[in-house]
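Residue-level listing of the chains:
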Amino acid sequence: MESLSDTVWDVVLAGTGLAQSLLALSLSRSGKKVLHVDKNEYYGGLEAALSLQEAEIWAEAADEGAGSSPYRHATIKNLEREAPVQEADGALKLGFSRAYSLSLSPQLIYTRSNLLPVLVSSKVYRQLEFLAVGSWWIYENKDVTEGGQDGEGDARQGGLRRIPGGREDVFADKSIDLRSTRSLMRFLKLAADPETHMSILEEWGNRAFPDFLESRLSIPPRLQAPLLALTSSPHPPTETLTSYALPRIHRHLTSIGMFGPGFGAVVPKWGGLAEIAQVACRAGAVGGGVYVLKRGFESAEMPDLQASGRNSVRFDKDTGLSTLCLQGGEQIRSHWVVGSIWDLPLQIDQNPGDRMQTNYVARSITIVSGSLAQLFPSPAEGAPPPAGAVVVYPTGTLEPQSTDQTPGSSGLGLPPVYLIIHSSDTGECPAGQCVIYACSFHPTNADSHQILQVAVAKLVASVREDPPATVLWCMHYDQRYNLPATTEDYEANIRCDHFMNDHVLQLPDVVPGMALEDDVLKHVRAAYRRIVGDDDVAFMLFDDREGTGDDIDEN
Amino acid sequence: MTSHGVPRGSGIQPTTDQDRRKEQQKIRDYKGLVESVNSRVSLLCDVILSRLTPTSIREHQYNVETLELTSKLLKSNPEYFTIWNHRRLIMQHFFEQDSNQTSRTTGDQNQKAVVDMIDDDLAFLLPLLRKFPKCYWIWNYRLWLLEESMHFLSAAEARKLWQQELALAGKVLSLDSRNFHGWGYRRTVVQALDGAVLEGEDSSTSMTEQEFIYTTKMINTNLSNFSAWHTRSKLIPRLLNERRADNEARKNFLDEELELIQRALWAGSDDQSLWFYHQYLMSTFDPRYARDSIAPDLTADERVKYVAQEFDRVQEMLDGAEDCKWIYQSLIQLSILYKSLITNCPVKASSVQTWIDELLRLDPLRAGRWNDLKSSLDN
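One line per chain: the protein sequences are A and U, in this order.
Going by UniProt numbering, the first residue of the first sequence is number 1, and it counts up by one from there.
Going by UniProt numbering, the first residue of the second sequence is number 1, and it counts up by one from there.
These are computed hints drawn from the structure, not numbers from a lab.
Careful, some of the hints might be misleading.
Unchecked claim - Derived lysine-lysine pairs resembling BS3-like cross-links, with alpha carbons at most 25 angstroms apart:
(1) U/K171 with A/K174
(2) A/K174 with U/K217
(3) A/K189 with U/K251
(4) U/K374 with U/K325
(5) U/K325 with A/K189
Unchecked claim - Residues from chain A shown here face chain U by an in silico Cβ test under 7 angstroms; the list is partial:
(6) R167
(7) F171
(8) L178
(9) M185
(10) K189
As the list claims (entries may be wrong) - Not close to chain A: a few residues of chain U, all C-beta gaps over 10 angstroms, as computed:
(11) E23
(12) Y136
(13) A155
(14) A169
(15) T221
(16) R263
(17) P364
Think of the CB as a built atom: it goes at the ideal place given N, C-alpha and C, for glycine as much as any other residue.
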């Protein structure tokens, strides 16, 4: 059998994260020789889904491999183990490890995203199941004047309110006064009509979104918060620009109803984006790709990044081949090398490259007992039962306990906290339990994780459940991610200057946030074009393979 | 806009020679089919006219083959209503055949045969309805079948059939909530189920309450559902009668509906279906229609108060929506009503003229109508 080093590969893919896997899928009918490796022993890379045991191993490794992973400071609390309840049975206690598939990237996919049509045209959609994300909720504090406020800690009771997604929701919410109903409707119509956006953005683009809502549409602050929540902005309201907010709300509103009433986004079953990555890799393998797990690439230890890059991947001008070294010593020759910055043979130190801008996210995954059915009402007549729900804690609804509690301070500068809750229908946990994914773009310090905990605790407390829902297990971690400095120049973003070799391409990180952005696929397509040439008409457009395909009679 | 925003496929126009030839063949096949059916049926009509014995008819073309030919034809063109009539003749013949056999076999067996035939025919119609949900002839034929069923079947059997129809109407409406065929069908089915012929075991409860809740659900899903609002208005008089609502209860009900439509109008003042429903509610205060309205026993004073209240409400809506012609129309109608109820009506004639001018500005294609209105009010 030919060894890996005997073959001259067309493409070597480093890492089985979502982007690389989609690239493998796109090349699966091209007849090209593809070698796809991953340094982990599981698929999915940064977007992987983990069982309980895998999560524990992952958490330990997260701190050791600084430079090979953007994740760090991972801690796990198994509350069930620490304080087991004697009578706990069934859903009230943690199930066995493999009953869980916790996603490191629990993003929702808008029905208008560019990924879904591609999953259909490439025919892999048949191996995937999607579930609806139904309601979006916003947490509101009750009026400060109602309860006591000095030194009583959590005397302020708050509650969840459903965010309207369209005219019928606005109509049904009797707490909105008539004039605001009309203002909200005006905004919803405006947001859904892209032709008006240009002139609005000219005037308001660089100004804060709340100002736009107030001045132009007379929408009161209480109703601004739900609209801001729909933008999934990582910044507090005063720093969220209209140019950021408007297109996102437009995407949200125009996605609702596209695949059925009452929902505008879906999540893949069995573990989020990891499932899509797996299915894509499977297609890559069927197409002749060779898959190797538990092997990464060795990087040369050199004082500066560029020298290190140049030596880790040696380029031969005459043959046009790049040579790199697998862990274990095998030399691999290939025309193209594509990967994420964490999988390419490079030691990422704490100093990011010039073209990147580094940010951090505080994240947590919490398993709770209880189905939290209140969060998953059927959003409309004839709608599919939702398996996902979003809860937003806007700026001002959570304050870290350790900061100075001067009267009147309400944490106005702190970013919002976003929770996405998956029911057991997603296959990520046993029946009768839920998984809560929390994230916040706080400057990561000790407070940020405590804020996530407070948010989850408040959520669990505000949902009526009998017996009351409890937290069984939770994991906190930080994620570092890089935003390419140029936002729409996909060709530029996939260049990787570290290697001084323009046959090495870098697929930018999937940006953490509520929703999967269209950029991911756009970068994949840009890489595909580099590899295949400009004729990318057949990108992800495949016929059914023999033996597969629908046998449905047209009648 | 006959398709509620869903694009209609206009059929592929043949471009290549091969496509053209294929289309020609299709046309030839279709014409052949029509010829075949028509000749068989006309032969049949001659036979009937010449009063041949029943046995002879059976030997001629009133048979399963002809039925199948009509099926084939109707599958490709359900709008050819004459063929539906031919089909009715064939089915009627089959039904009579079976009842003529009562002398030789038991009644039950006959019933079963008829039920099977009707079931088969209903099943034949289902894929047609899916493909052509708005074809009058299919719906009519289906209703005809169900009505025939009432002659030949026991009340219990017939009731079962009609219950299934309710489910069908629900399904059609969940696919397209504004298909007025679906709504009309639903009303007919509900009427039949509530009627004397199909009396169920629990004849004390009628379906009106449940249907009223159904309209609420459909409205909550889509405010612009004209048919849902219309069905609601048809149900209300019956609903209040069944509840044996007294004047107090009727007034409360009216207040709730007025609140509901007001919220809806603020959420969408451009929506014609909402204004139509508003008009329906306003007719409660018009002495000419009061008898059949929600609250027939309102005193004159109460009527005036309601009209004044509604007038103020609509006028408030104008603030911020000065270009909405429906608001002006409503104000004019309310003023006319107001004036007919009370001699010193606070609404000035000049205001009404101003509103008509606004209508002329906003809806110039109907200028004739607005000018007509203007002159009729001047008198």
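Hints and how they fare:
1. U/K171 with A/K174: violated (30 angstroms)
2. A/K174 with U/K217: Holds, because 16 angstroms separates the two Cα atoms, which is no more than 25 angstroms.
3. A/K189 with U/K251: violated (35 angstroms)
4. U/K374 with U/K325: Cα-Cα ~16 angstroms, so holds.
5. U/K325 with A/K189: Holds, at roughly 19 angstroms.
6. R167: A/R167 check passes; min Cβ-Cβ to chain U is 5 angstroms, inside 7 angstroms.
7. F171: With a closest approach of 4 angstroms, the A/F171 hint holds.
8. L178: Where the cut-off is 7 angstroms and the nearest Cβ of chain U is about 5 angstroms from A/L178, the hint holds.
9. M185: Cβ of A/M185 sits 5 angstroms from chain U, so the hint holds.
10. K189: Violated, because the Cβ-Cβ distance from A/K189 to chain U comes to roughly 9 angstroms (cut-off 7 angstroms).
11. E23: holds (19 angstroms)
12. Y136: holds (23 angstroms)
13. A155: holds (32 angstroms)
14. A169: Nearest chain A Cβ is 14 angstroms from U/A169, so the label holds.
15. T221: Check fails; 5 angstroms does not lie beyond 10 angstroms.
16. R263: violated (6 angstroms)
17. P364: Label holds. Min Cβ-Cβ 24 angstroms, cutoff 10 angstroms.
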